[in-house]
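Q: Given the coordinates of chain A, work out where chain B should sit on it, guided by the hints.
Those protein sequences? They're chains A and B, same order as listed. Numbering of the first sequence is given in our numbering, commencing with residue 103 and proceeding in unit increments. Numbering of the second sequence is given in our numbering, commencing with residue 328 and proceeding in unit increments.
None of these hints come from the bench; they were simulated from the model. Predicted model only: the values in this text are computed from it and were never measured. Quick reminder that beta carbons are idealized off the backbone N, C-alpha and C, glycines included.
If you want a taste of the chain A side facing chain B, the calculated C-beta under 10 Å gives, among others:
#, residue
1, I106
2, A194
3, T202
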Amino acid sequence: DGGITQSPKYLFRKEGQNVTLSCEQNLNHDAMYWYRQDPGQGLRLIYYSQIVNDFQKGDIAEGYSVSREKKESFPLTVTSAQKNPTAFYLCASSILAGGTSSTDTQYFGPGTRLTVL
Amino acid sequence: SQELEQSPQSLIVQEGKNLTINCTSSKTLYGLYWYKQKYGEGLIFLMMLQKGGEEKSHEKITAKLDEKKQQSSLHITASQPSHAGIYLCGADKGTSGTYKYIFGTGTRLKVLA
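In isolation and in its complexed conformation, chain B is listed as follows:
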């Protein structure tokens, strides 16, 4: 079955450093969602990408979807302690039926002040 693989599983960076999280699928994706979760809380929607080569930014976070629509990266510039949390990718598989989504297992980010 199709899965979303996230890497790395966890990441510790010094405040001010840049970092990248990846989300990879073995099959073409029809939509790619990025969420952030603080421990013990719900998921906050960050961005959705649909087109191959698409790139979106929100504050210091930039997400890209590759041309083949099988890999997405989330890049944080000049990380801050407020960026700490779990980042999850979710995807629209584009299959038939009303439920067609998969989620990655998350990347846990810690930012050291």
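Chain A with its partners taken away, still in its complex shape:
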């Protein structure tokens, strides 16, 4: 079964801790994305990556970091510098980024809900 997996489903963080959210895809997609979703708001882009070893900041990158060492994996670290990290985090992938609307269609993982204690 091809798809995108995110783990864990629920994550609890203490103040001052860094935590890493996992995102893996076996769709052979080049592009991957991280979004944050808050109640009543749309998706906000944190980071995206067009290709291995390359990534770009999105609209709300402060307090977050990513890496893209493998095509299949795009982990997101929420650092202690992120002042309000409690949210639902969604990972997505697409065949390409910056191609056609068809190749750029994003497919999403099941999400990780992060709560700060």
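A: Structure of chain B alone, referenced to chain A:
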């Protein structure tokens, strides 16, 4: 900045009724995506529309993109409880650069059995 406005924000219908959700932009869109999200879960891709006047259907859900490519509608025929969830539209703005997408804030649909 360009935004996608969805209406209504929420909708409650009786099972078996038809309903329509709208997604509107102030500028021309180069691709329009519809997704469905169950609470606490990821987004499920439903359909993508590209051409003005295009219409696509999947089971009882039909999506249309107007001729000017600034508005899309999602129509559900004979709604069922399984249709309940949040429907989001996303769009390709067609701008330069590798990230060129915007998303609406969603329409929350509840279907009463």
